Amino acid sequence: MALKPLAIHDLAEAVLACVCEALDQVAEDLEGHPGCPTCRTCVVPGQVAWDGCEDPCDGTGAGGQLAVSIARIYPSTRFPDLDREVRGVRGCQPPPTTAAEMVITLLRCAPAVNEHGCPPTCAELSDAARVTHVDAATVYNALLCCLPLTGSRRGRRFVMGEQRIIGPQGGCVGIEQRVTVALPGCAPCPTGLESL
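Position 73 of the sequence shown, counted from 1, bears residue number 72 in numbering that gives the first Met the number 0, the numbering being contiguous throughout.
No lab work stands behind these hints: they were computed from the structure. All values reported here derive from a predicted model rather than from experimental measurement. Cβ coordinates follow ideal geometry from the N, Cα and C atoms, glycine included. Treat the hints with care, since some could be wrong.
Simulated DEER-style distance windows between Cβ atoms [to be verified]:
| id | residue 1 | residue 2 | range |
| --- | --- | --- | --- |
| 1 | Ala136 | Val158 | 17 to 25 angstroms |
| 2 | Gly45 | Gln168 | 17 to 25 angstroms |
| 3 | Ile72 | Cys121 | 42 to 50 angstroms |
| 4 | Gly170 | Pro147 | 35 to 43 angstroms |
| 5 | His8 | Val112 | 34 to 42 angstroms |
| 6 | Glu30 | Pro4 | 16 to 24 angstroms |
Construct the entire structure; sequences and hints are all you get.
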């Protein structure tokens with residue numbers, strides 16, 4: 000069975016909603032912590048452009064940018080082996096597992112040099128580090144809790160990948176979390192493609 004046409008996009012949307020909900024929950028629990036970015040929360044194609052990490056566009060809510068993208072999709076003969084080798088695939092018969100590597104990127108404003116040319120204070124840097132570290136733990140925990148629920152009754156298989164602190168660059172700093180997810184093959188091959 001092949002992948003359903005929306006299998007990848009629906010997964011990305013589910014992960015985005017889960018992470019956003021977790022960020023809002025942490026904001027309720029930790030005074031002063033920003034929640035899910037109000038204006039820039041989206042599934043994006045390809046690499047994430049650092050379009051905005053400033054205060055929210057409407058003046059209320061949380062600033063920043065939360066994006067989910069797909070880095071690659073590949074066949075895996077033994078998930079979570081994470082191999083890219085296709086062995087014995089013929090016609091429309093997919094490998095036992097198709098894997099999607101997802102990238103969750105969360106950006107916030109980074110402290111910057113002030114109008115007098117002075118670098119950020121240690122207190123400003125420490126506050127930004129606290130936000131980044133809380134965001135990192137929140138995104139990681141959200142994926143551990145939500146991903147199993149996006150699959151079948153037995154849960155979706157996934158492998159947590161690397162999490163990196165990214166930036167500061169262009170006034171932004173944040174985290175990038177990678178996770179590789181097994182996609183279910185559920186759709187029949189389109190008629191006529193079997194003979195190609």
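Against the structure, the hints come out as follows:
| no. | hint | verdict |
| --- | --- | --- |
| 1 | Ala136 to Val158: 17 to 25 angstroms | holds, 19 angstroms |
| 2 | Gly45 to Gln168: 17 to 25 angstroms | holds, 18 angstroms |
| 3 | Ile72 to Cys121: 42 to 50 angstroms | holds, 44 angstroms |
| 4 | Gly170 to Pro147: 35 to 43 angstroms | holds, 36 angstroms |
| 5 | His8 to Val112: 34 to 42 angstroms | holds, 40 angstroms |
| 6 | Glu30 to Pro4: 16 to 24 angstroms | violated, 44 angstroms |
Figure legend: structure checked against the earlier numbered hints; the only hint not met is number 6.
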